[in-house]
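Protein chains in written order, with the working numbering: chain S, 1 to 317; chain U, 1001 to 1482; chain A, 2001 to 2224.
Warning: the hint list may mix true and false statements.
Derived pair list, reagent style SDA-like, types lysine to any residue, alpha-carbon separation capped at 25 Å [said to hold, decoys possible]:
#1 S:Lys-269 - A:Leu-2016
#2 S:Lys-286 - A:Val-2030
#3 S:Lys-286 - A:Leu-2016
#4 A:Lys-2154 - U:Ala-1150
Taking beta-carbon pairs under 8 Å as the criterion, some of the chain A residues facing chain U (in silico) [said to hold, decoys possible]:
#5 Asp-2039
#6 Ala-2042
#7 Ala-2046
#8 Met-2165
#9 Glu-2166
#10 Leu-2169
#11 Thr-2177
#12 Pro-2181
#13 Gly-2187
#14 Ile-2188
#15 Phe-2202
No lab work stands behind these hints, which were simulated from the structure alone. Positions of the beta carbon are idealized from the N, C-alpha and C atoms, including for glycine.
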Amino acid sequence: MNPAALTLQLLELVMALLLAPLLMGWVNQCRAWTQNRKAPPITQPFRLLAKLFEKDVVLAYNASSLFRFVPYMLFACMALVCVIVPVLSTDLPFSPAADVIALVGIFALARLFIALAGMDVGTAFGGLGSRREMLIGFLAEPALLMVFFTASLISRSTALPTIVESLAHREFVIYPSLAFAGVAFILVSLAENARIPVDNPTTHLELTMIHEAMILEYSGRHLALIEWAAALKLYAYFSLGFGLFFPWGIPQGTGVGNVAMALPALLLKLAAGGFLLALIETLSAKMRVFRAPEFLGMAFLLAVIGMLVHMLLEVPA
Amino acid sequence: MELAALLAIPLLGCAVLALLGHRRGAPEINGAFSLATLAAAAALTVRVIENGPLRLWQDQFFIDPLNVFLVALTAFVGFTTSLFSRPYMRVEREHGRLTAGSMRLYHSMFQMFMFTMLLALTTNNMGILWVAMEGATLATVLLVSLYRTAASLEAAWKYFILCGVGIAQALFGTILLYLAAEPVLGREGGALLWTQLDAIKGSLEPTVLSLAFVFLLVGYGTKVGLVPLHNWLPDAHAEGPTPISAVLSGLLLNVAIYAVVRCKVLVDGSLHTHFAGNLMMGFGLLSVGVAAFFLSRQRDIKRMFAYSSIEHMGIITFAFGMGGPMASFAGLLHMTVHSLTKSAIFFTVGHAVQKTGTQIMDDIRGLLGANPTIGWGLMLGSLAILGMPPFGVFASEFLILTTAMHEHPWATPILLVSLGVAFAAIFGKVQPMVFGETTARRLPHPPAILPVFVHLAAVLMLGLWIPPYLAEWYRQAAKFIG
Amino acid sequence: MSALSALPLSGQIINLLAAVLLLISFAMLVQRRILSLIDLFAAQGAVLCLSTVLVAVTTGQRHLYFSAAITLVLKVVLLPWILHRLIRRLNVKWDVEGLINIPTTMLVGIVVVVVAFNLALPISQLAGTLTRPTLGIALATVLLAFLMMITRSKAVPQVIGFLSMENGLFFAATSATYGMPMVVEMGIALDVLIGMIIFGVFFFQIRTQFDSLDISHLEQLKEK
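Use the sequences and the hints to build the structure in full.
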């Protein structure tokens, strides 16, 4: 194995762990700005994590071992995703594992565990949150898969590095199907990351919360891990989106020069993407939970149309 | 020259009547313009008979036996309808059902409607044909809602939306036609001109043309009132003023069929199969059957005769669908006699409704006692439209039936049963309306009886003896349709 | 994809615009608010105009500039303006509740798109234009607008559906044959404009009659 590549792989992991909370902070900052509020510092998520890690864990009497195990599981899943999604280079030791279908599987695994954990303690809110989470997952996953299929139809591969390479390093061609898939992907990402308009990450209002309801019983380092995992998930979705729709700037090689080029591009894209997310969240209103199926149905529909458009416009007749 | 007059007169009439408004003489001026149009049409007809088909103004207009006979028919029925509408609309105005503004709208749009019909008939450009058909809808849609009642608004809205959607399908068909023709004729070669298309129809792409025909048939078929696209037709006929019902039934439906037939000629030439004909036969039979069975359930007299129009449009579509000189001849004849008879019926129905003040058939009784001419007019008209022997409808239906027996025996029972059901329904309802105790009142204006009997006499004559030049004319047109 | 890279950039952009057109059609299908619906309609007109200009630039078809200009004036400026005025004058701003719920409409919409694409495929191969693949999208736009007219129970959305259908037809003409002859296009534009005015008259008549623009009032005439 190439030591330089291995280093780069490690770098990618460390970078993800650090950048993810920063991204969270950046989004919160942008949101505060767009809403005319005083913004918290960008490092606020780190402070939160540090505070939580210092605190003791309080467990419910009837919490099982699963309840304690889930935060680690969650964190591991998200870290794994962040490692295999190509960010700095498409040629990394773990790259062959980056199959889009496998990615959906890892997300599903994480979802399963957090839903189980939500029900484990047996409080009303936990069960409610788990149920809603499963409903959303049930609708979001097919849509996500369709998005991935559209992208893989273009590059004829479900391996992420190949998709990225074929889009980034070939002659520039406009793919209308990707426009559909891109919009669908944004919708799915909003739902999956518990953002407005599907969920509100900042409230604990029992009528509407989904993600927060499941983790209501967590505290201390467990909560810290879950929060961190949530940040990682957001980061992973961002890098997935960049890989599929804006792959420019992700180099093929693993040299220092390549990384030096990739890093600023990544930061720039994250900054822009984060701002966009904040903008979307500011401009849209939280919808009722019962509207969520409609919202995700639309994502699915867009992805399907993307595929159809691909068949019509982009396949040589 | 004649053509210019033919198109300019109604257009001018539209403008003049719009300016003149509801002055006393408006109905007479309307009649005068219609008479002038008829004169222009007659002159044009004479010229075509003498010199053969004409192409005018860089081929943008085209007159051949097929459309010149429809032009003459349209101008004639337009004129008689204007005669009928003179007392009819006056009565409506005096009963307070219409305002001065609606009278202005009515007269102006009546001429506009004539213009769009004549334009649709004479144009050689399939695109302009579409534009004119849409224009005909636009001209009549506000007339259907002239009374501003809830029901008339609904009828007009339905008419507008359904025909709008339908005609949009026809536009798509026209685009496909252009798509097929453009590679052969080029952009400058007038790829939408019917004569050009006809000349090269053998080299048009069959797949495109068959699809185009489906769209065109659905589109123009909506205006013909073919089942299942007929929903607008009974409502629009029943709720609009009666002269409008008369021209809708007598003219608009004919022109829509004319458009379908023009398209069919092209498609047949390209496909060399019976695809278009089969489609038309299917739609035609369905219309005949469905309309006949709906006839017996009607309570409103104008609705009933509207369904009868659907039935006859079905017969005509079926006849043209069968194709061949005999069936096409019969189809053309049927178009003529149906148009004359149906408008005559609507004239009498209009007066009858004004006399009795209701359109519900159960409340109309004893027309014969109230006004013998109206009573006899309705009776004779109904007998004629039902295909009783001395009248022209009998002749054309007989021809169509015998041809059907010969070529498509399976279709004959359906036709016969439908005609029988229609007969029972209409006759059973007209008979008590005509005979029996009268309930009618006196009208301030004497009804216009002349148009009714002129029409019926013409129909009677066509049943007994078709003038040789007319027969020759039909024969040429039928040969042309193939 | 060799075939796609063979297309010049303008062709690719036209494809993209076609896709956006389809996207807007879907957005209109599921949009609940009337004012947004009008804005979407204007956006559809704008995209249409842009793609027509692009086709004109690429192929040098002069008359397409006129078509684009007509589109711009009529469908981007005039009709939305009339509609906005009507809405304001009639004071109707409520949500557009459809007859079928939105997810079902969307599913039907997908089926419609599949049908349209399949129908258009054999034809578009015969067309000799740069833009021929987009014929399927044009047909889909027409059918989606049709679907919208069927599923909406209010007058204004039905009319917008009608106009959007005309947009789709215009796009079909542009993509299949670089537009119809000038005379015909002028005629069509005139018809649409007059149609719009008549619609306006109708809105007022319907409202005076029923105090509402709900088409369900207009369902009294049925066969008993």
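Hints and how they fare:
1. Under the criterion of a C-alpha separation no larger than 25 Å, the hint pairing S:Lys-269 with A:Leu-2016 is consistent with the structure, at around 23 Å.
2. Distance check on the hinted pair: S:Lys-286 and A:Val-2030 sit about 18 Å apart at the alpha-carbon level, within 25 Å; holds.
3. For the suggested pair S:Lys-286 and A:Leu-2016, the alpha carbons sit about 31 Å apart, so the restraint of at most 25 Å is broken.
4. For the hint linking A:Lys-2154 to U:Ala-1150, the alpha-carbon distance of about 16 Å falls within 25 Å, and the restraint holds.
5. This hint is violated: A:Asp-2039 has a C-beta 23 Å from the nearest C-beta of chain U, more than the 8 Å allowed.
6. Interface restraint check for A:Ala-2042: the shortest CB-CB distance to chain U comes to about 20 Å, outside 8 Å, so the restraint is violated.
7. Interface restraint check: A:Ala-2046 against chain U, minimum CB-CB distance 21 Å, threshold 8 Å, status violated.
8. Hint on A:Met-2165 holds. Least Cβ distance to chain U is approximately 5 Å, under the 8 Å limit.
9. Among the interface hints, the one on A:Glu-2166 holds; its C-beta lies about 7 Å from the nearest C-beta in chain U, closer than the 8 Å criterion.
10. For A:Leu-2169, the shortest C-beta to C-beta distance to chain U is roughly 5 Å, which falls under 8 Å, so the interface hint holds.
11. Interface restraint check for A:Thr-2177: the shortest CB-CB distance to chain U comes to about 5 Å, inside 8 Å, so the restraint holds.
12. Restraint check, A:Pro-2181 versus chain U: the minimum CB separation of about 6 Å is within 8 Å; hint holds.
13. Restraint check, A:Gly-2187 versus chain U: the minimum CB separation of about 3 Å is within 8 Å; hint holds.
14. Annotation: A:Ile-2188 was flagged as interfacial toward chain U, and the flag holds, the nearest CB pair being 6 Å apart, inside 8 Å.
15. For A:Phe-2202, the interface hint holds, since its Cβ comes within 8 Å of a Cβ in chain U; the closest pair sits about 6 Å apart.
Consistency note: the structure conflicts with the earlier hints numbered 3, 5, 6 and 7.
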